[in-house]
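J.: Listed below are the residues making up each chain.
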Amino acid sequence: MKSFTMKALAVAVLGLAGTGSAFALCPTISAASATPGGGGAWSSQTVTAATFGNAATGLNGTSCALSVSINNGAASNTKGFVTDLSPANETHYRARFYFNIAGLTGLTQANRQARIFSALATTAPAGAGAEELIVNLVGGGVPSIRFVIGDTTVAGSTQKIVSASLPTATTAGNYRVEFDLNSTAGTFRYWVLDAAQDNTTFNDSNSAALTNASGTYGSTTITDTGWSGVKQVNLGLFGTSTQFRQANQVTGQPLIVDEFDSRRATFIGQ
Amino acid sequence: MKTSTMLLALALGSAFAGSAFAQCTNDGTAVAGVDTPPVTINGNTCGKNTALASICSGGNFTNGAGTSVIQLTLGAASAIQLSVVSTTANFNPELAFISGACSSLTGCTVDDTNGTQTVPATGTDAPSAQPAAGNQNFVFVTDLNTESPGCGAYGLTIAGTLPVSLQNFSVQ
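Chains Z and R, in that order, are what the protein sequence lines are.
Heads up: the first sequence begins at 1 in the working numbering, then just goes up one per residue.
Heads up: the second sequence begins at 1 in the working numbering, then just goes up one per residue.
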């Protein structure tokens, strides 16, 4: 089967076109909503009461990365994210990105939560939202990642929830999250890893072969065929809880994201 | 004789705050005759209202293990104190309070201290709902933390300076 890569890019793209030195170029990212977004690599970007910018250091050997922070006094509609519209109603969607939370100093309690990724479908089951998958960042003594997956077997919410604590990171605050949403097989697999230690290319035979024991690999069954498949994904900071905004609203407390990659059929890293 | 006008009713039915199906149903398991604060309700969140994927405007996703919903009937708007104690290991409960329809999350606040919450709250939990007279006050006991089992037994205590009505009496 032919491999097909839908999107493989550093969020704030790279300095690869530069000289390979410290002068490698990073894209100029508009501070406001724009099309295309993320310095040109994404379909669009949406910024409301938030600040977009280039982080000086990338998260996976890249020269820079996208940073997003919410503004002081921002209300519940605050958001800053980039959007990819290249998926075509994908019933099998695999993606990975890196993120850094070192700047989110207020991420210390479980009621401080924010969405950092969502995958939306064009159509959804009656009464359900368009989000087929939401990735939430949850605060705490050890912060965690919470996956909320569309599942029509869960009465009322039609959302199945699985969580994974962030592992001990060798580089402060640098993490890798990867997932495989397979509607046809009825499975959702996920990895939450230390970015520095676990750079393995996971395939179907080594899914649980983690280098760092504090990382997480999990798999759960889902019933999400009622959604028409992934058509749009958002990556950034949005859907924040009241307490998250109150604790992380000073500009300069950014979430940094980088090295997003999505596939239909192949394994990321191949 | 003085009569406190605080009554508690457990509404353990459907409570889909944050869901497109938002509705609340009292399942008939009312706690009657509880009228002298402070009062303590013992319950267990496991498997309760799992349709509550999130609370407080959808900003806080629960861990999915269960959420108890308790309806409070108050004689008048007055500050109350809520506290919850867990007796289950790896169940560190959070408290949320809303005033208004159970399906309305206006002013919803979540306390993550696993201890006492005063409503209305101050500090990082502000703004919070103002308790209202009548039965449109709801307390949510849930667990937002990533832990296992992430649900379990709890004791919820409700206290406060409640309105008191006085009745004439005679001494012979």
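Note that these hints are calculated values from the structure, not bench results.
The beta carbon of each residue, even a glycine, is placed where N, CA and C say it ideally should be.
Be aware that a few hints might be false.
[What the hints assert, rightly or not] To be clear about the criterion: a stretch of chain Z counts as covered by chain R if any three or more of its residues have a C-beta under 8 Å from a C-beta of chain R, and this derived list gives those stretches:
1) 49 to 56
2) 160 to 173
3) 189 to 202
4) 231 to 243
J.: Now tell me, hint by hint, if it's right for this structure.
T.: Quick rundown of the hints versus the structure:
1. 49 to 56: Not satisfied, violated; 0 residues make the cut.
2. 160 to 173: holds (count 6)
3. 189 to 202: Violated: only 0 residues of the region 189 to 202 of chain Z have a Cβ under 8 Å from chain R.
4. 231 to 243: holds (count 5)
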